[in-house]
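Protein chains: 2
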Amino acid sequence: MSDSNALDGLTQALRKLPGVGAKSAARMAFHLLQHDKPGALQIARALEHAVGSVKHCALCNTLTEQDICSTCANPQRDRSQLCVVETPADQAALERTQAYRGLYFVLMGKLSPLDGVGPNDIGLQILFDRVVPRNERGEPLPAESREVQEVILATNFTAEGEATAHVIAQALKSRGVQVTRLARGVPVGSELEYVDLGTIAHALVDRR
Amino acid sequence: MSDSNALDGLTQALRKLPGVGAKSAARMAFHLLQHDKPGALQIARALEHAVGSVKHCALCNTLTEQDICSTCANPQRDRSQLCVVETPADQAALERTQAYRGLYFVLMGKLSPLDGVGPNDIGLQILFDRVVPRNERGEPLPAESREVQEVILATNFTAEGEATAHVIAQALKSRGVQVTRLARGVPVGSELEYVDLGTIAHALVDRR
Ligand SMILES: [Zn+2]
Ligand SMILES: [Zn+2]
Numbered sequence: 000m001s002d003s004n005a006l007d008g009l010t011q012a013l014r015k016l017p018g019v020g021a022k023s024a025a026r027m028a029f030h031l032l033q034h035d036k037p038g039a040l041q042i043a044r045a046l047e048h049a050v051g052s053v054k055h056c057a058l059c060n061t062l063t064e065q066d067i068c069s070t071c072a073n074p075q076r077d078r079s080q081l082c083v084v085e086t087p088a089d090q091a092a093l094e095r096t097q098a099y100r101g102l103y104f105v106l107m108g109k110l111s112p113l114d115g116v117g118p119n120d121i122g123l124q125i126l127f128d129r130v131v132p133r134n135e136r137g138e139p140l141p142a143e144s145r146e147v148q149e150v151i152l153a154t155n156f157t158a159e160g161e162a163t164a165h166v167i168a169q170a171l172k173s174r175g176v177q178v179t180r181l182a183r184g185v186p187v188g189s190e191l192e193y194v195d196l197g198t199i200a201h202a203l204v205d206r207r
Numbered sequence: 000m001s002d003s004n005a006l007d008g009l010t011q012a013l014r015k016l017p018g019v020g021a022k023s024a025a026r027m028a029f030h031l032l033q034h035d036k037p038g039a040l041q042i043a044r045a046l047e048h049a050v051g052s053v054k055h056c057a058l059c060n061t062l063t064e065q066d067i068c069s070t071c072a073n074p075q076r077d078r079s080q081l082c083v084v085e086t087p088a089d090q091a092a093l094e095r096t097q098a099y100r101g102l103y104f105v106l107m108g109k110l111s112p113l114d115g116v117g118p119n120d121i122g123l124q125i126l127f128d129r130v131v132p133r134n135e136r137g138e139p140l141p142a143e144s145r146e147v148q149e150v151i152l153a154t155n156f157t158a159e160g161e162a163t164a165h166v167i168a169q170a171l172k173s174r175g176v177q178v179t180r181l182a183r184g185v186p187v188g189s190e191l192e193y194v195d196l197g198t199i200a201h202a203l204v205d206r207r
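Top to bottom, those sequences are chains Z and D. Residue numbering for the first sequence follows numbering that gives the first Met the number 0, starting at 0 and increasing by one per position. Residue numbering for the second sequence follows numbering that gives the first Met the number 0, starting at 0 and increasing by one per position.
Mixed in with the good hints there might be a few duds.
Identical copies go unnamed one by one, so any copy, or any two together, can satisfy a pair.
Straight-line C-alpha distance at most 25 Å; calculated PhoX-like pairs for lysine-lysine [said to hold, decoys possible]:
id, residue 1, residue 2
1, 22, 172
2, 54, 172
3, 15, 172
4, 54, 36
5, 22, 36
6, 36, 15
Hints in this document: simulated from the structure, not taken from any laboratory.
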């Protein structure tokens, strides 16, 4: 379309960004090359650095550069509570309330059968093994011997988030785990990341 | 905000993209690292390649990897007509009509006093020197000796595009150049890049 294969290639590549169509990608490429080449190189280096260094926390599944993320490694956190969220952004929203001192499990997604996202894609088995570990003989530990005493479901209050919470609740309750859900102080249909701190804090206290 | 400096750095860097705020940048970073690391590396490589290889055409000022772009170098184009556009995307929109066989000058912007964009920032002097060259004694060539016989102003029909066209028209007319403007078949207030081909073709024929 333009006179430059490199420009066209950049426009094509920028369409990999979620929510960016052909026109937006062309404008972004033009802006960077015409007005902000240092910014373009900064993005390139940040992408390469992040791809090379970011991995999943072995305990909570969030994105981190360590084997165990700083939250999971923090001895001050209450290890008997485990809060299940969809994304690191949701976890960050909960952390900003300063109303929760337990640990997290980050699904890095949500059940979405229409998009082909099933239980294994969001690490549900890892979550179940974390909450109900097995002894050397492969038997599930009895409730009183488990570290996690309560699982708080903080998936979004969207249709898919509710369905995800439902599936997790069913599975964990059948294994004798106490499962609670953030109270519906969070407006139905909204996404956690965009909710004000007070509402989230209230919903944490009122969890059911 | 997250547990990863690399993730936060990527989110910060993505805010360099026009129209991308903090929330969008965080979602883009999360999406790339969780779901599309190959896409992330593709964007990084495309940025580096484009920054390293894309420059301005010495004749028309558009983005290209050559010293002279393929349009300017094309011996089949009518060198007596010069069409002035704001961006390569606008030029591409005109090319798609197949209604114009002359050459282009790409401003790579528009006059925008409120944003501090003045005549020198959009290469107006380069345009004037192109249209009215000087002889060895530094005198402007007389009209009959000039290669460019007509300048067609095809800046956008926005307030800033109209003002840019007005400034160019005034300057060139005072130098004895025939200056025309795309006909107002193009809806007032719209941007060329988004106009349908037929309207642009019609406006080319009806230029005034
Ligand atoms: Zn962790
Ligand atoms: Zn050129």
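Broken hints, by number: Structure breaks hints 1, 2 and 3.
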